[in-house]
Every structure is written in C-alpha cells, then in structure tokens.
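Order-wise, the sequence lines are chains A and B. All residue numbers for the first sequence refer to our numbering, where the first residue is 1 and numbers rise by one. All residue numbers for the second sequence refer to our numbering, where the first residue is 131 and numbers rise by one.
If you're looking for bench data, these hints aren't it; they were derived computationally from the structure. Any given hint could be a false lead.
[Stated by the list, open to error] Distance condition first, Cα-Cα at most 30 Å in a straight line; then the derived DSS-like pairs of lysine-lysine: (1) A:Lys67 with B:Lys349; (2) B:Lys431 with A:Lys11; (3) B:Lys430 with A:Lys11.
[Said to hold, decoys possible] Residues of chain A placed beyond 12 Å of chain B at every Cβ, according to the derived structure: (4) Lys11; (5) Ala19; (6) Arg60; (7) His66.
Positions of the beta carbon are idealized from the N, C-alpha and C atoms, including for glycine.
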Amino acid sequence: METSSRPVVVKRMPERLNARAVRELLRDVEPFLSIDRPQLVFDLSEVQQLDAAGVEMLLRCMSEAHKRDGDLKLASLSEQAAVVLELTRTERLFEIYETSVDAVRSFSGFLPNAMRQQLLHKRPRTPAAA
Amino acid sequence: MSALDIRGLILIDTAQAGLPFALAPLALLDVAGMSPLERVAERLQRQGVSALTVVSEESSASRRYRPLPQGIVCRSAARGRFWRVAESAFNDLAHNGADLVLVIRLGAYAEVHFDELVQFHLEGQRRVSQVVWCAEPLEIFCLTASRRNDAASLFRSRLAHCRCECELFAHSGYFNPLAGPRDLRQFAIDVLTLQAETGPAGTEIRPGVWVASGASIEKGSRILAPAFIGASSQVRCGAVITRCTSIEHHAHVDCGTVVENSTVLPYSYVGAGLDVAHSVLGMGHIANLRRGISVEVPDKKLLGQVSPAWRRELLRVAGRLPGRIWQSIFGDVPAPQPPLQEVARQPSPEEDAMGRPAPALGVSPRDAKVAGELASDLAVARRYGNQ
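Using the sequences and the hints given, assemble the complete structure.
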C-alpha cells in the first residue's frame, strides 16, 4: 500500500508467533527494515499464540525501524496478542490501530507540513478541484 | 440445637461453572488461603453440625490440593452416578441417626446462618426448607432425615424441585454465585476487605496484609494492603503485590513483576518483569477480567506451573542417576576431596600462611604452618601481618 512518496509495508503475522516462526518472519521482514525510513505495519489479527520471543521480535523490528528513521505500527490486535502485550508491558511502546488501513493512513498523517504541501502540488488535479 | 443430630451433605459436581482452564471446580480453588468448600465446612462445624459428608465427582476429587479437614467423610462418584451416590449418602446419614440433613451444593457460596435455618425448619414443622437470596432460590436445603422420599425426589431432579412444597428461608447475608473468574476475583476482594464473614487464612502481619506459613517475601518487594500471600509461596525482590491481590499457596511471583487486583492460583509461576492486572491466572492461562477473555500463554518464561516439592526432588535425583550409573560402570569416580579446613591448613611450598613467599621472609614453609593452624589465626595473621 502506498500513501505518500514511500511505500508502507503491511505484514500479516502468523497464527503462532513463537521462536520458530520468529526466525522465518525476520528473514521476510529484514529487506524492508534495511531500507531508508522503513514504514511497516504488522497485522496481528490472526495471532493466537504470542510468546516472549514474539514480543522480542516486535521490539527488535521497531528498534531497527527507528534506527533508520522509520516506524513500525501494530494493527488489528487479536485478544490473545493484546493480553500478552499488556502482560509484558510493551503495548505502550507501540502505536496500535484498530485496522491495518488506519495504521497505514497514520503514516501520512504525521508528515511535516512542508512535505504535505509538496505532495498536494504533485497530485494530478481533478476536474472538480480545478 | 444440641439435642438434635444435624448433619451436613456437601455436593460438588463438575456441571457447576468454573474457570475455563482450571481443572478443578471453583468450589475447590483456594481463595485467600482456603477453598469455598473448606470455608463452608468450617462454618457448618462452627455452628454445631457434627458430621459432614462431601460427595464429589471423581475427576474433581483427585484435584484437591489439600486433604479435607478432619471429621469430613469424602465420597467420590463417577460422573453418571453422582446423584445416585448423593442420594445414597443422604440415606446413610438418615440410617446413622441424623434428625436433620443440610444439603448444600457448591458452586455458589452463601454465608447462611444454619442455626436460624434449622430453627425456621423446626418451628414450622417443615419437611423441606430451601434458602433464597433476594428471591433467588439457592441450592441449600434443610431436610428432615426421615423423609427419604422427599429427599429422593429432590436428588433425582438434581435439586430442581421436590415432590412436596419447599418452604423458603430468606438469607440476607453474604452471597457470591461463584460462576466464573469474575466471581472468584470478587470473592477474593470481599474476603480481603472483610465484606464476608470468612477471612483470609493467614497471619495479619500488617493491617490488611495476611501471610500464611512458609511464605517467602524477599527484601525489596512491596506488599500493599489489602493482600494475601499464601503458604509456601514466593514473592521475589522488586515485585509489587497490590489492590486486593491474592497469591495462593506455592505460587511464585518473579522479580519486578507487578500484580494488581489479581488472583494467582496455587502452584503458578508468574515470570519476571510482568504487569498483571485485573486477572485470574494459573496453569499457563490468564483470564483477563477487563477484556472478558481467557488466553493460553504457552511460554513458560511468562506463565508456568511450579511443580510440588516432592516432584522437584524426584526430578533432581532422576537427573543425577545416569551420571551415577556411568561412574559405577566405568569407575571414573573422582578422588574424594579433603575437607576444606584441612586444605586451608596446608601451606603452599612457596608461600607462608600470610600469603607471602616464605623464602622472602627467611622462614621455612614448615614453620609457617604453625602460624596458620586455625582459620581464625589466618584472619588475625592477615589483619596484623605488617606488625
């Protein structure tokens, strides 16, 4: 999904977010984290089991994204994921949205005014706007 | 009341609501140190009910953490035969000379004044009396023991109705339906805030803080009243236990964890650095009351189970066994170590008792041994070595 000049990557998390799944997931996500200012959304709607390794992976991805001036946001948390994040006191570290769409939109919402003006000028004019 | 032979019959079946993850029904789960069953039994005995019989399903009977108090006969029944066994237990009580039988089905916990109930039953010359709370009938009955057919109709309908009319005895005291984790938590709050007549089963070490025997509270942890710390449980350093939290027996709260308004079930482990609030947790599960859901947490680092002491010892011994067998077969037994004190007495050939090279002082190592005869001498020698 693309909202501004840069793409936002939405990744749906698997049902079990344990140590084994984390290794595969990191392999998948790594290319998106290594770019400049990565914008990621993790959709946790299908997560039924989340353990300490899963939470650690989320924190690690967020930290990597922050290092490159980007951000990682969480969306559609399942009840199980929400309870474990609350239990591990990590829910306050993430920006959490009801849906993936809301999370993706939020990336454009935090653009500096100067950049937003630039984007508006770039957009093709519709007849109504003209 | 003393002239009459009044006996109690307590029924516990798994048809009653419980925690979605706990193996035992709520009536057998500890709340501030005692299960509702033990509390009811204690109350009955205190009010003069001499003999008690508990009928429970086989599955739940084996999941009690502690044996029942003395003077209580326990009968277990297969799932399909529960009500037959209950009826048979009633008949046995009647046969053994009981005048009145109080039948209580747990689940719900009510602090009924049984002496008043018996008085009500006798004054009206009633056959069956039933307790009601706010017009809601409870499964607590007083039956005349000789009326076996009335009892039979009651048991065969699973306490739903009786062939004769049940007179209603209004109960206005404490009542908790104990129908789920929310009720269990509320019961703990009521016990700790002394809303109920029954109290926590521990010593009040500070106002509002009860601690049972063998509990270990490490330095640096904080217990804020009201709270209960169960027998042989462990609260590690940096942990905070607050707002009507009940840590049941043999539970283990690890370092830095905050437990607020929660119940930690017996033999449960709560990992380090967690934030537990408004929950009932144990057996690798957590019932979050705010969200109204129960979640399995398979990670043992977060939530786990503490095995009983005998099982831990057994595992420790079993773990050493292969090494012992290996040593006995291949004879690779290490030489026995001399006692530490003897080792300390032996001087190094190059050093004296004070740790300085003996030749440098012009003293032979053999003479230096005298100075270091005792461990205390060594300490003295070190302290005054320069003089």
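Now the hints, each set against the structure:
| no. | hint | verdict |
| --- | --- | --- |
| 1 | A:Lys67 with B:Lys349 | violated, 39 Å |
| 2 | B:Lys431 with A:Lys11 | holds, 27 Å |
| 3 | B:Lys430 with A:Lys11 | holds, 27 Å |
| 4 | Lys11 | holds, 22 Å |
| 5 | Ala19 | violated, 9 Å |
| 6 | Arg60 | holds, 17 Å |
| 7 | His66 | holds, 22 Å |
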